[in-house]
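Take these sequences, add in the hints, and give me the full structure.
So the chains spell out like this:
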Amino acid sequence: MHLTRVGLTDVRSYDRAEVRLEPGVTLFLGANAQGKTNLVEAVLRAAIGSSHRVSGDQALVRRDHDLGVIRLEARTDNGRRRTLDVEIGSGRRTRTRVDGNDVTRAADAAGVVKVVMFAPEDVAVIRGDPGERRRFLDDLLGQRRPAYVSTRSDYDRVLRQRNQLLKQARGLSGSSAEAAVATLESWTRQLVHHGATLMAARLAAVHALSGIVRDTYHDVADRPEPVTMAYESSTGRTVQADPGAGVPDPAPLAEELRAALAEVADEERRRGITLVGPHRDDLVLAIDDLPARTHASQGEAWSLALALRVATHDVLAEVGDRPLVILDDVFAELDLTRRRRLADRCDHWDQVLVTAAVESDVPLRAAHVVEVTMRDRVSSLSPRGEVAEESA
Amino acid sequence: MLYEGAVQDLIDELGRLPGIGPKSAQRVAFHLLQVDADEANRLATAITTVKETVRFCARCFNISEAEECQVCRDTRRDPTVLCVVEEPRDLIAIERTREYRGRYHVLGGAISPIDGVGPDDLHVRELIARLDDEGVQEVILATNPNVEGEATASYLSRLVQPLGVAVTRLASGLPVGGDLDYADEVTLARSFTGRRAVD
Chain H
1 MHLTRVGLTD VRSYDRAEVR LEPGVTLFLG ANAQGKTNLV EAVLRAAIGS SHRVSGDQAL
61 VRRDHDLGVI RLEARTDNGR RRTLDVEIGS GRRTRTRVDG NDVTRAADAA GVVKVVMFAP
121 EDVAVIRGDP GERRRFLDDL LGQRRPAYVS TRSDYDRVLR QRNQLLKQAR GLSGSSAEAA
181 VATLESWTRQ LVHHGATLMA ARLAAVHALS GIVRDTYHDV ADRPEPVTMA YESSTGRTVQ
241 ADPGAGVPDP APLAEELRAA LAEVADEERR RGITLVGPHR DDLVLAIDDL PARTHASQGE
301 AWSLALALRV ATHDVLAEVG DRPLVILDDV FAELDLTRRR RLADRCDHWD QVLVTAAVES
361 DVPLRAAHVV EVTMRDRVSS LSPRGEVAEE SA
Chain E
1001 MLYEGAVQDL IDELGRLPGI GPKSAQRVAF HLLQVDADEA NRLATAITTV KETVRFCARC
1061 FNISEAEECQ VCRDTRRDPT VLCVVEEPRD LIAIERTREY RGRYHVLGGA ISPIDGVGPD
1121 DLHVRELIAR LDDEGVQEVI LATNPNVEGE ATASYLSRLV QPLGVAVTRL ASGLPVGGDL
1181 DYADEVTLAR SFTGRRAVD
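Quick note, the sequences are listed as chains H and E, same order. For reference, each letter of the first sequence is one residue, going 1 to 392 in the working numbering. For reference, each letter of the second sequence is one residue, going 1001 to 1199 in the working numbering.
Calculated directly from the structure, the hints in this document are not laboratory data. Among these hints, one or two may not hold up.
If you want the footprint, here are the derived chain E segments under chain H, 3+ residues with CB under 8 Å [to be verified]: (1) 1104-1117; (2) 1149-1155; (3) 1184-1190.
Which stretches of chain H does chain E cover? Using the computed rule of at least three CB atoms under 8 Å from a CB of chain E, they are [as the list claims (entries may be wrong)]: (4) 101-108; (5) 133-147; (6) 157-168.
Here are the simulated distance ranges between beta carbons [as the list claims (entries may be wrong)]: (7) Val-181/H with Asp-1115/E: 13 to 23 Å; (8) Gly-1005/E with Arg-375/H: 46 to 56 Å; (9) Glu-371/H with Gly-1116/E: 48 to 58 Å; (10) Leu-290/H with Ala-1093/E: 56 to 66 Å; (11) Gly-1116/E with Asp-344/H: 55 to 65 Å; (12) Leu-1043/E with Ile-273/H: 40 to 50 Å.
Note that the Cβ used here is the ideal one computed from N, Cα and C, for glycine as well.
Written out as structure tokens, the structure is:
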């Protein structure tokens, strides 16, 4: 799919801006701090529900304003026009409209516009906390299957209720503690049910990604060391990725979760917190059998992060529309070989939005160039061709 | 700036109602200021009367104007089937189907540790007492299909089943009479999980 239009009202450094887009490569060109990343960040926020830079919408609204609006218009692979309008604001609920109709659940907007973004922040997926890698998997799965988003939010809700109950029971003793724990099993059942569904989906994603990540790392990084992936569950089991494996059956995973929860039951009661479940799992990436989190060099971490995003594109493209790709300030960080390898990849993607400060850093035959400039703290977008026409 | 005494009091009181924010409260208050005294009094009387005459059914905790509610007083109802709901409005929704001929039990909410609601805060003990007293053979758990409703259903199921009473849960799935492509993805995906063999 590709975006045909992006409209922003009071988002970050934009007051009112609109840009029409075509398939192929569009380069957003501008010096630093002119608003290039703000634009692609807004696209990502609308499409997947969160920014790659901040959590929460507050920072995305223009300074001294209460409400920002992001409007995306896209065309699907079979020519259907889709729109996604997201109102973001401080202190009020976000409002989301899909094809002009209000939707209430996050799941209803998931996957309407499929997008894969690669940005400098992605190095955190390799080097950061396990939470970064869980979010990587969850974002991918949410775009691939809308039902995943709702299972994930049900799981989070169950987890919060269960933690609250464990915390309440900790302060009690005797019969009142027993009464509180009498309902614990009801929450455990749901934790296991939703948790096994999440685990099965994540394992399937890790299996599907692993082959593509390995090949892309070879190709883009131009390195011979093998990259391997594994899913490290808080149940104590680590599953090695196998590109040939299918979607695991959730039933044995549920058994596994239940057994692991039974083992930590006493500790959970003592600490007042849920100790086992997909909220504590991790994705282990290794280069030449060394964990990338602790051993990867800066260059290796970059190449691996890029390989993860390329693989995400391919895995998302397997079901329904092919996603558009955003490369935010990426080329400047790569050496010449890797730049060229990445540019070759761009030819195979439906639509690529690239941001860069220096045009010559980007070895792409960019069909469209949009210049991003800021004046009086307000960013504006000027497509290069149109400017030329006006001055002629 | 605040309005003078009585008007501000009215706005404050209206603003405490569910689903009414400060802006709506202000709008309703000014509407009430403008209407006839008769119309305003009718609303006031309706509120007073409801608090004076309506209470909860001693048997099932549905809202009622007598000791027992309409459903519990109706002798044509099947006493062996009991449908458990969270709130009286859920009971009304099921009544509108005119399909169900058994009786009800209103819990008065769902288990939710975050809101400080446990089984003791719901009419669970009364439910268990009714099973034996009224010779109930089947309990239909019709709590909401969200995580709190599911937790409540799962808790009740483990409580009731050992007593030799059949326990069923309402199905969740596609709306009837609509086209598949109008169903939202989540509902459709859940219906897949809950699919059944065709007779």
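Outcome of the hint check:
With 4 residues having a beta carbon nearer than 8 Å to a beta carbon of chain H, the region 1104-1117 of chain E meets the requirement of three or more and the stated coverage holds. Counting residues of the region 1149-1155 of chain E whose CB lies closer than 8 Å to any CB of chain H gives 5, so the stated coverage by that chain holds, three being the minimum. With a cut-off of 8 Å between beta carbons, the region 1184-1190 of chain E has 5 residues touching chain H; three or more are needed, and the interface restraint holds. By the rule of at least three residues with a Cβ nearer than 8 Å to a Cβ of chain E, the coverage given for the region 101-108 of chain H holds, with 3 such residues.
Given as covered by chain E, the region 133-147 of chain H passes the check, having 3 residues with a CB less than 8 Å from a CB of that chain where 3 are the minimum. Requiring three or more residues with a Cβ within less than 8 Å of a Cβ of chain E, the coverage given for the region 157-168 of chain H holds, as 8 such residues are present. Distance hint for Val-181/H and Asp-1115/E: a CB-CB separation of about 18 Å, consistent with the stated range 13 to 23 Å. Restraint check, Gly-1005/E to Arg-375/H: a C-beta distance of roughly 52 Å satisfies the suggested window 46 to 56 Å.
Checking the proposed 48 to 58 Å range against Glu-371/H and Gly-1116/E shows it holds: the Cβ atoms sit about 57 Å from each other. At about 59 Å, the beta-carbon gap between Leu-290/H and Ala-1093/E stays in the expected band of 56 to 66 Å. Restraint check, Gly-1116/E to Asp-344/H: a C-beta distance of roughly 59 Å satisfies the suggested window 55 to 65 Å. For the pair Leu-1043/E and Ile-273/H, the beta carbons lie near 49 Å from each other, so the given range of 40 to 50 Å is met.
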